[in-house]
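Asks: So the sequences go chain by chain: V and G.
Following the working numbering, the numbering of the first sequence begins with 16 at its first residue and continues without gaps.
Following the working numbering, the numbering of the second sequence begins with 725 at its first residue and continues without gaps.
Just so you know, the hints here were simulated from the structure itself, not pulled from any lab data.
Where hints are given, some of them may not hold.
[Claimed, not checked] Per label pair, the in silico range of CB-to-CB distance:
id: 1; chain 1: V; residue 1: D330; chain 2: G; residue 2: Q785; range: 20 to 26 angstroms
id: 2; chain 1: V; residue 1: P447; chain 2: G; residue 2: W810; range: 51 to 57 angstroms
id: 3; chain 1: G; residue 1: I802; chain 2: V; residue 2: K125; range: 40 to 46 angstroms
[Stated by the list, open to error] With a straight-line cut-off of 20 angstroms between C-alpha atoms, the simulated SDA-like cross-links for lysine to any residue are:
id: 4; chain 1: G; residue 1: K803; chain 2: V; residue 2: G362
id: 5; chain 1: G; residue 1: K873; chain 2: V; residue 2: A81
id: 6; chain 1: G; residue 1: K803; chain 2: V; residue 2: F437
id: 7; chain 1: G; residue 1: K803; chain 2: V; residue 2: Q359
id: 8; chain 1: G; residue 1: K803; chain 2: V; residue 2: Q326
id: 9; chain 1: G; residue 1: K873; chain 2: V; residue 2: T130
id: 10; chain 1: V; residue 1: K311; chain 2: G; residue 2: P902
id: 11; chain 1: V; residue 1: K355; chain 2: G; residue 2: P799
id: 12; chain 1: V; residue 1: K306; chain 2: G; residue 2: L893
id: 13; chain 1: V; residue 1: K351; chain 2: G; residue 2: T798
id: 14; chain 1: V; residue 1: K306; chain 2: G; residue 2: Q891
id: 15; chain 1: G; residue 1: K803; chain 2: G; residue 2: S884
[Said to hold, decoys possible] These stretches of chain G come out as covered by chain V in the derived footprint (C-beta under 8 angstroms, 3 or more residues):
id: 16; segment: 731-739
id: 17; segment: 792-798
id: 18; segment: 874-884
id: 19; segment: 905-916
id: 20; segment: 1027-1036
Quick caveat, the model's predicted, so the values are computed rather than measured.
In this text, a Cβ means the ideal position worked out from N, Cα and C, and glycines have one as well.
What follows is each chain in one-letter form.
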Amino acid sequence: MTKKTLSRRTVLKAGAGTTAFALAGSGPFHFIRDAWAQDYRNAPTGSTVTLGFNVPQTGPYADEGADELRALKLAAKHLNGEGDGGMLNTFVYKNGEKTALDGNGINGKKVEFVTGDTQTKSDAARASAKRMIEADGVVMVTGGSSSGVAVAVQGLCQEMGVIFMSGLTHSNDTTGKDKRRNGFRHFFNSYMSGAALGPVLANAYGTDRVAYHLTADYNWGYTTEESVKQFTEAQGWETAAAVRTPLGAGDFSQYITPVLNSDADVLVLNHYGKDMVNSLTQAVQFGLLDKQVNGKQFQVVVPLYSRLMAQGAGDAVKGIYGSTNWHWSLDDEGSKAFVKSFGQEYGFPPSQAAHTCYVQALLYADACQRAGTFRPCAVVEELEDFEFDGLGNGPTLYRGADHQCFKDVLVVKGKENPESEFDVLEVVEVTPVEKVTYDPEIFGGQLGPCNDGV
Amino acid sequence: MEVFLLQLLNGLDKGGAYAMIALGLTLIFGTLGVVNFAHGALFMLGAFCAVTFNALVSMQQVTLHPTETTAWGTPVEIKTPYVELWFGDFGRFLVEFSVPVSILLAVPVMLLIGLAMERGLIRHFYKRPHIEQILVTFGLAIVLQEIVKIFYGANPIPQSAPPSVDQALDIGGLLGFPPGEIVYPYWRLIYFLFSAVVIGAVFAFLRYTTFGMVVRAGMADRETVTLLGINIDRRFTIVFALAAIVAGLAGLMYTPILSPDYHMGMDFLVISFVVVVVGGMGSLPGAVAAGFLLGILQSFASLNEVKQIFPGIDQIILYLVAVVVLLVRPRGLMGQKGVMET
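Chain V on its own, in the form it takes in the complex:
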């Protein structure tokens, strides 16, 4: 049996070895001590953060897409402290406190962006967003100009664990049956359009009207038709027929002609973008607005208007009612600041598509700044039930139950005597938010859990 004793030398050696091991072991920990930031997808590690601007640069909604991209570039500029700051100067919280954004990027990181073309097609939009998330490392995707696209990209962002701040999407489904915890919508929806339009139409045209709907044959068209029918029928209107038309049909003459023997005295065009420009122009060319049916003057209604579409349709929009999320002629401080910034940058006023994308970018940035991180679930927490003002449309709530924004809705009419090429719509009524708010349960769907992407 051998007896082992600890000599002073042995103890010193062991102590030195332990110290060396401890130093060697703790070295890597020192360099990655902030590694908690990596436990969500695409956590920015450098001095910049990348956002994904996924807009339709081709296809029937390309006009809106081009304007969305302009606005998003302007938002990035303002977030980085360049330009006049736009709506960063007017953005306030419910308590009147100014935004946490200080023009120093987001969380101290300079804002960079990548762009993609959704082509107004769901599969192309998903492919483009996937590329942005996987190859470009974006933490947030925004843009789009079709509810079909928005629902598809929102689903992808939920699966991959990034935030989706949708651009122009008006279908009830986006924050209804297809809502997702990682997705948020600032834009209004078909239900809100119907709720705002119904009383105004009844007031303007009477309560004994018969409507004929031409409806774009996809997600958005269906919910718009449903909501407009619901609220006009509540006013006493009847619905003669609701006919589906293919997206991008171009020539709608064959669908307009049957309206003539339908006994209808109102044509509701549930079309948007290029389709709305074509169908409205053709309806006017076919003399519908000059017709008398059942002793009443025939009328046309466009539930979702945009200034870009109205410009495209030219004189055909005069006197035609519709609803819009925002209009550049609003005189609140936020709208004026945005119109000034955008107008000086590009030489013309922004569209509602541009406005909603710009606001979404600011809201996302502000939520990250308040959360102190880009972690999706932390951002979701900051946005849910967030109340703000100074971004147009008055005080606004980002409802936590469905991630839908609630604010006043504008009813507009094609201007009879425009003063400029951009002055094509006039706001005839601002419907208070209380009248367009609904129970989040009515459209079904579940937000589900938040996904950080790990």
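Position chain G against the provided structure of chain V, taking the given hints into account.
Replies: The following block gives chain G in isolation, referenced to the frame of chain V:
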């Protein structure tokens, strides 16, 4: 009754466009034996001749308003077309009638494009299999539309019919119906008449001129005509250019009905091939008859009464007819045996 008449008219103007494109396709196939998938691009290029001419005559002198400013703080711009400044009423006429007047630009431009396309590319594929012709012409169509997209963007560019014909004609009033009962847009009537005149002119050209007689002879027996010392290739090149002009004019005059965009050629190309197949490959009267027939069928298939019985029929009617015709009569309605069947 009024809906029947209006759907018939809708079918005729749509059919006019189909027939003009299909006529060109058939001319090229009948003379050169080439399946030209770039033919829709020629339709699109014709439409962009109108866009270009409109842009040229609408170029504006911009002056700044001395006092008024925009909502974004810049001076209001006052824009006046140069042609109006320089030529007064005639200049205003050019701006308002830019679509029909642009025919003057489109004819030589489409002629040159047709000649360049045939001499520069198509001729090298005469003796190659149809599949190679399809691939190369389809590729060419994509190249052409991408070039247009670079210069004009992806957005549709609305073109107006002249103000004097931008309204609707009270057809019912002319036929003894109550006023305003049956109205139809002037421009669509003009388009139908225009297509009838162009198609008639092409037929007359082929039927009553020596050039046309030689071309027809060449279509029937190319070798014999060549042995007679006639340069049939040169004539066929001209026929290709003629087909390009017809397609271009069809697109140009269609612009007030459908705002031109870079993709419009592809949208019409597929339908036009269906028209050619139904009419009979190589048959000029077949292409024209099938164009109008399918245009009318498509219109009537959109009637609610029809759609209630056959949902979605409006979107598949053309292909359904093509399937039935090919099953029953593979050569097409007026095609010759041997082209599509053995």
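Asks: Mind listing which of the numbered hints don't hold for this structure, in increasing order?
Replies: Hint check: nothing fails, all pass.
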